[in-house]
Amino acid sequence: MSNKKSLVDIPTINKIARLSRLDIPEKAKDNLIKDLNNILGFVAQLDEVDTSSIEPLASVTGHKLPLRSDEVTDGNIEDLVLHNAPEQSSGFFVVPKVIE
Amino acid sequence: MSDLLKYDLLQASKAIKKKDFSSVELTNAYIKAIEDTSPLGTYLEIVKDKALNMAANSDKNISNGVSKPLEGLPIGIKDMFCTKGTKTTASSKILDNFYPTYESTVTQNLWDDGAVMLGKLSCDEFAMGSSNETAAKGNVINPWLKDKKVSPGGSSGGSAASVAARSSLAATGTDTGGSIRQPAAFCGITGLKPTYGRCSRWGIVAFSSSLDQAGPLTRTVGDAALMLNSMAGYDKKDSTSANVEMPNLMDYLDKGVKGKKIGIPKEYTQNGTSEDIVKFYDTSISWLKDAGAEIMPISLPHTKYALPVYYIIAPAEASSNLARYDGVRFGVRKEGASLDEMYELTRGNGFGDEVKRRIMIGTYVLSSGYYDAYYLKAQKVRRLIKQDFEDVFEKVDFILTPATPTTAFPLGQKQDPLTMYLNDIFTVPASLAGLPAISIPVGLDKSGLPIGMQLIAKPFDEAGLISTSQVLEKSADFKIIADGAAK
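Protein sequence lines correspond, in order, to chains A and B. Here the working numbering is used: position 42 in the first sequence is 42, and no number is missing along the way. Here the working numbering is used: position 410 in the second sequence is 1410, and no number is missing along the way.
These aren't lab readings, by the way, just hints derived from the structure by calculation. Wrong hints could be hidden among the right ones.
Unchecked claim - Under the rule of at most 30 Å between Cα atoms (straight-line distance), these lysine-lysine pairs were calculated in the BS3-like manner:
1) A:K27 - B:K1334
2) B:K1087 - B:K1068
3) B:K1380 - A:K34
4) B:K1487 - B:K1261
5) B:K1236 - A:K34
6) B:K1093 - A:K29
7) B:K1395 - B:K1014
8) B:K1258 - A:K29
9) B:K1261 - B:K1087
10) B:K1087 - A:K64
11) B:K1414 - B:K1279
12) B:K1261 - B:K1395
13) A:K34 - B:K1068
14) B:K1395 - A:K29
15) B:K1414 - A:K27
16) B:K1137 - A:K64
17) B:K1014 - A:K15
18) B:K1093 - A:K34
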């Protein structure tokens, strides 16, 4: 399995940073590459474990997620919802212009 | 020293009800202690007026004879819990202006039971760290050997240091891979991580949702029982909350350990555990044996894979959970020319290095082409780790291990991330299996720093954990107070 895993390099960092929506300064990239490769090298020891007949475990609880009825349980709290917004106007969150 | 600081949570609860002193007097003593110990940096926010109002209200309840389990007892809250109207930052720059408009279920449960809030306690940023050094406002100093400036552990470093420094009577913490138990061990106090699902996660800043669990940090096992009684409970607002009845933990004090089987896993004395810790591990085994427990050697063969599994699953879940910090609905925004640039600058500027590292790792292991090799593989090995515990719990009632491989280390060592991750080697396996576990202080190492032992129990057996750890607590008779504690 290990050979399927490529090492993290500058293009990989750029791609992952883009997917993560993280601005990473150029000067920080070398250290980040070193750290990520160390961590990925460490976790690669899982390759030793035979898991061919093992189901993945996503939750330890074992119970099914409960369903609730689809009904309105609160509302009319516009002020509270917008309370922490960095920018708001007329009851809306404001973001930089997204259409030309 | 204010005499009032000598009372632990249980003692103070009795004394307040007998009107030996008032909640306002006790709260004032703690506010003074917070001021006196402020160089330790445990509190991010102190809510003096709110605390005194809550205390006055408790005193009124007590004189009206309607006091509740935690009536009038001043506690500290880890900054991962949303507290209505009180700044909640998760020790991150990105939440430096965040004032929740709602209260987390766990803290609401505590206030409903009469507790008094002193303030918000520092932690590693978004609970990611084992030394409290990733906190945006700087590290906390461990009150033990305070002039040597050692780490209080993390991520609940402010909570543990504050309880040890007597600037709170008890504190809340959250534990994802050891964040209650490791700092409790480093600070010479008791830290209990309940079964996954015992305490509601609603209103707690999310780090890794399949692992995060809230719990108490206290001076004694009895105090942990009293706190957890109030914190725990089914909550329909958390879909993973366990609808399992919790016995009154106070009924399980002084029950002893006669006839119980304690497993000693051979895998937990490897990996360069410090000599002093190994010595106290052996002593702890003898104490339990002397108290009538049966000691059994066991094996948890997949233990060595717990850390690699954790450092795939936790960052993966974190990368998803932390996607919400986008500078749109709350938090600190950094302007950019486009929406995407605003996101990238907001997040690049708002998150610290360790958080960014984990988001990057998490995004990588979830990205197309790597998902199966890393994330799915980790989930499979996680099942094997859980299976190890299930097999062993067919034969034993509890598992005893050291809480940490070393005692508290000096601050500012600039360890590489992997070395730091190894701190959680003994606490992560129980987290991955969702099991309840407790760390309690048993002694000091040669340099005078506390040593913690960990007991792990079957799912939902917090009651057994309380009875058994209390036996260790009595045998260890650990009564030393940190030199940096409030005088």
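Ascending list of hint numbers which this structure does not respect: Numbers 4, 5, 7, 8, 9, 10, 13, 14, 16 and 17 - these are the hints that the structure violates, sorted from lowest upward.
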